[in-house]
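J.: Given next are the chains, with one letter for each unit.
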Amino acid sequence: MRVGVITFPGTLDDRDAARAVVAGGSETVSLWHADADLKGVDAVILPGGFSYGDYLRCGAISRFAPVMSLVIEAAGKGMPVLGICNGFQVLCESHLLPGALTRNSDLHFLCRDQEIEIVNNTTPWTTSYKPGEKIVIPLKNGEGSFQCDDTTLAELEGEGRVIARYVGQNPNGSRNLIAGITNARGNVVGLMPHPEHAIDELTGPSAQGLGFFTSILNAMVK
Amino acid sequence: MALDTILIAESTPDTVQPFAELGLKADEYARIKEILGRRPTSSELAMYSVMWSEHCSYKSSKVHLKQFGEKAPKSDALLVGIGENAGVVDVGQGYAVTFKIESHNHPSFIEPYQGAATGIGGIVRDILTMGARPIAVMDPLRFGPADAPDTRRVLPGIVAGVGGYGNCLGLPNIGGEVVFDETYIGNPLVNALCVGVMKHSDIKLAKAAGAGNLVVLYGAKTGGDGIGGVSVLASETFGAGGSTKRPSVQVGDPFVEKVLIECSLEIFAEDLVIGIQDLGGAGLSCATSELASGGSGGMKVALDKVPLRDPSLSPEEILMSESQERMCAIVEPSKIERFLEICKKWDVTVTVIGEVTDGNRLEITWNGEVIVNVPPRTVAHEGPVYNRPLAQPAYIDQVNSQKVNVPMPSGASEIKAAVLKLAGAPNLADKSWVTTQYDKYVQGNTIQAQPDDSGMVRLDETTHLGVAISTDANANWSYLNPYQGAKLALAEAARNIATAGARPLAVTNCLNFGSPEDPGVMWQFAESVRGLADGCLEMGLPVTGGNVSFYNQTGSVAILPTPVIGVLGVIQDVRKRTPMSYKTGGLELLLLGETKEDLAGSEWAFLHGQRVGQSPDADLAREMRLIELLLEGNAFFTAAHDLSQGGLSAGLTEMVLRHNVGATISLSHPAVDLLSETPGRVIVAIDASKVSQLQALATKYSIAISKLGTTGGDSLTINDCLISLDELRTVHTSTFPRLFG
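Chains A and B, in that order, are what the protein sequence lines are. By this note's numbering, the letter at position 208 of the first sequence is numbered 208, and the numbering carries on one by one without gaps. By this note's numbering, the letter at position 602 of the second sequence is numbered 602, and the numbering carries on one by one without gaps.
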């Protein structure tokens with residue numbers, strides 16, 4: 001199974017995401033923001049970082065990268081897509097996911113080990129988890145506060161499209177403690193915390209992020 | 001202003017030139033005229049003024065710094081030594097590691113966010129320039145009193161700047177220091193360390209060889225920011241009034257630097273450059289003269305080709321601008337096409353601005369007219385050298401002859417109050433408010449970061465080879481005795497690495513002092529350098545490079561002498577490191593090293609407003625035996641934690657809170673045992689079955705050993721004094737949020 005990892009100028013966690021893909025049992029394929037094809041990948045990850053320096057708004061310029069029109073098209077046909085942190089922001093700017101990520105409520109960049117609860121384990125990225133399973137993975141961003149209008153929030157909640165929530169005190173002011181969501185079809189997932197930084201206890205707070213990467217292997221094998 | 005060319009300079013020898021405004025002294029100006037055999041053009045004057053500044057030329061420190069070479073221990077590890085952008089050491093398995101600390105003190109006081117941000121940017125480019133991929137940063141910081149209004153302006157800005165720039169570059173921040181003292185109130189210290197890794201064959205140097213090779217400028221366009229930063233800002237004492245000098249602070253764009261890093265690494269990987277230099281302090285003046293001086297000496301540059309953000313800049317301003325995120329490379333004509341292609345891929349602006357020439361003159365033209373024609377060595381490497389007067393300041397005898405007179409706690413309630421006072425003291429309190437603003441996870445190789453004793457990163461995912469780094473300075477001891485203070489800081493940094501199981505290998509430094517024109521400050525500096533050079537020789541650790549920051553003083557008040565020492569060590573298998581704390585109860589806690597009544601320069605004395613007495617003497621032979629003990633014991637230690645500021649009290653606080661597992665401690669002289677800061681001590685946690693093994697090691701290495709107690713429970717209990725972990729944690733963690741929001 002081949003999972004593409006996209007590098008935009010300013011992407012930082014691309015090598016980490018690729019490492020996690022391999023640890024999860026899949027093959028990784030590097031994709032460049034200017035690429036004109038997706039090199040036959042079965043799924044795509046948009047990793048964290050500061051693509052285009054977060055100029056204008058986080059993810060606002062990346063959505064116009066050539067590779068993004070291919071991602072939008074493939075996502076429309078059901079290809080699994082995971083956006084982590086800045087990748088989540090790009091997915092929102094691309095309208096593959098609703099809502100927006102705004103400045104953390106305390107206005108500081110925040111890097112800490114964060115407990116989250118997986119509340120939807122039916123997406124191709126979350127099947128390795130049990131519903132309600134709690135995991136600890138790094139949260140690290142300056143603009144991680146998930147915001148949307150009341151109608152959208154009701155839709156997300158009503159359709160079970162919130163995939164993960166923060167546990168305990170709200171770290172950044174996200175509505176309904178939302179840490180991650182999925183689209184109506186369930187193949188596109190955006191997640192603020194970083195599962196790729198929790199694939200072993202040596203370099204991360206836990207190995208509990210690995211489930212996102214074993215999930216995608218299972219999803220594609222089926 | 002009309003263009004000042006060589007022809008005009010020759011025909012108008014008596015033109016009055018503003019050398020003093022540019023920071024040059026009259027005799028320095030006279031020497032420039034003597035070198036050139038005429039008055040300098042305004043562009044030449046601009047170049048000499050920035051390159052002969054204290055910051056760039058090390059003119060006051062050079063005569064002392066040469067000791068690092070003269071007293072250098074034999075080392076097989078040193079691949080590139082002092083003088084290049086950063087030193088490089090061999091860490092085995094074909095890997096070379098480069099690391100260095102730089103100061104960005106003065107700009108960070110004026111404009112905290114940009115000053116700190118560009119401090120990170122500058123040191124990262126130094127590391128990149130050696131051919132290495134930057135893999136981590138650290139930030140030793142000093143501020144005025146924690147509750148001073150100006151600290152509330154300076155600290156949040158500096159922390160946000162360090163984080164804002166480093167996070168955006170994708171560099172994990174793996175450690176640093178935050179220390180408060182009133183002498184830093186107008187002079188905060190922002191020291192930034194970067195470490196990078198490469199293969200031996202990839203080392204790059206700053207030299208322009210081969211006539212006909214091209215001089216290529218790439219990265220950001222040149223603007224009007226940071227003009228004269230090194231001369232106007234970093235090489236003068238701040239006056240009480242006067243202009244704010246804000247235009248002399250550089251403005252950074254980390255996104256441009258991130259792209260520049262990736263672009264440069266791709267260029268290096270294809271072996272497309274002969275020599276390379278980043279543009280930092282003194283900008284193009286520095287890069288062109290150092291590249292030419294590092295090679296055979298000849299270079300021609302067409303300054304009008306430099307891409308500008310602000311087209312109104314004059315040639316002098318272009319030469320002095322410290323605009324960030326720029327690099328200058330020497331490229332063979334046959335490779336320029338590929339070089340340009342890679343820059344295009346990364347959308348990096350690139351311009352051929354000149355070529356290497358035969359001969360030994362650096363010639364710079366502006367629209368065809370020659371505005372600079374100098375021997376580059378006189379600009380870059382043969383600047384003025386001062387043997388400044390030095391004299392032991394009067395305070396030394398005065399403070400050394402006094403005894404520390406502080407209340408010593410007795411009884412459970414006083415001991416509890418003392419432990420809590422230290423736990424919540426700004427210098428010892430939990431620094432999460434700072435470190436949560438830094439990304440420590442990016443790149444996925446961070447093994448240890450703050451609050452661990454040292455930062456540790458993995459270099460190789462297959463062999464698990466890693467490096468550990470610690471930076472330390474104890475300015476209180478350096479104030480009482482600068483010679484011993486430097487040695488003690490060196491020993492502490494080395495110990496902080498060894499507790500984790502890494503073997504110390506090499507040293508870098510950032511020497512922060514007041515004005516070198518004050519004989520007392522100059523004496524502090526000379527003594528510190530002597531101490532560090534002697535210490536490195538004794539410990540067998542080569543100094544690979546460093547940085548000097550003078551003029552950290554406001555009016556006549558200088559900062560405490562603050563030599564920040566960084567030690568890098570190697571660990572063969574990061575999976576086998578010893579962490580700084582334990583996760584279970586039932587373990588034995590033992591203290592390695594003897595505790596004497598060392599309260600002079602201690603945090604306890606500081607909290608009682610006392611900076612008197614005699615600093616401890618560094619016993620480096622014993623420190624080296626302790627390091628060997630730690631490296632051997634690493635195989636069976638559960639945890640090991642260095643004792644430094646705050647002594648045993650702070651050490652225990654940090655250990656029990658790390659994983660929220662308490663300890664029961666029994667001390668025969670609790671006040672001195674808890675508060676003394678005798679150097680060379682480490683707390684070790686081990687399984688009860690390993691105690692005899694540790695005792696045997698202590699005997700083998702002649703290190704004192706004593707039993708402290710056992711781990712477990714939800715309190716820190718010292719004799720009959722019980723402190724719940726909840727209370728201890730609340731005190732330890734509430735200080736920074738209370739002070740800084």
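No wet-lab data here; the hints were simulated from the structure. Note that the structure is predicted; figures quoted are calculated from it, not measured. Glycine included, every Cβ here is placed at the ideal spot set by N, Cα and C. Accuracy of the hints is not assured; some may be wrong.
Unchecked claim - Under the rule of at most 30 Å between Cα atoms (straight-line distance), these lysine-lysine pairs were calculated in the DSS-like manner:
hint	chain 1	residue 1	chain 2	residue 2
1	A	Lys134	B	Lys707
2	B	Lys431	A	Lys134
3	B	Lys583	A	Lys130
To be verified - To be clear about the criterion: a stretch of chain A counts as covered by chain B if any three or more of its residues have a C-beta under 8 Å from a C-beta of chain B, and this derived list gives those stretches:
hint	segment
4	77–84
5	115–123
Stated by the list, open to error - From the derived model, a few chain B residues whose C-beta atoms are all more than 10 Å from chain A:
hint	residue
6	Leu214
7	Ile396
8	Lys440
9	Val574
10	Asp720
J.: Determine for every hint whether it applies to the structure shown.
T.: Hint by hint, here is what the structure shows:
For a cut-off of 30 Å, the pair hint linking Lys134 of chain A to Lys707 of chain B is broken: about 40 Å separates their Cα positions. With a CA separation close to 27 Å, the supplied pair Lys431 of chain B and Lys134 of chain A stays within the 30 Å bound. This hinted pair checks out: Lys583 of chain B and Lys130 of chain A have alpha carbons roughly 27 Å apart, not beyond 30 Å. Restraint check on the segment 77–84 of chain A versus chain B: 0 residues with Cβ-Cβ distances below 8 Å, three needed, restraint violated.
Interface restraint, the segment 115–123 of chain A with chain B: violated (0 residues with C-beta to C-beta distance below 8 Å; minimum three). For Leu214 of chain B, the condition that its CB be more than 10 Å from all CB atoms of chain A holds, with the nearest at approximately 25 Å. At the 10 Å boundary, the C-beta of Ile396 of chain B stays outside the reach of chain A, the nearest C-beta of that chain being 43 Å off. At roughly 6 Å, the least C-beta separation between Lys440 of chain B and chain A is not larger than 10 Å, which violates its mark as non-interface.
In this structure Val574 of chain B is not separated from chain A by more than 10 Å, as the shortest Cβ-Cβ distance comes to only about 7 Å. Against chain A, the non-interface label of Asp720 of chain B holds: every CB pair exceeds 10 Å, the least being about 36 Å.
Comparing the model with each numbered hint stated earlier shows that hints 1, 4, 5, 8 and 9 do not hold.
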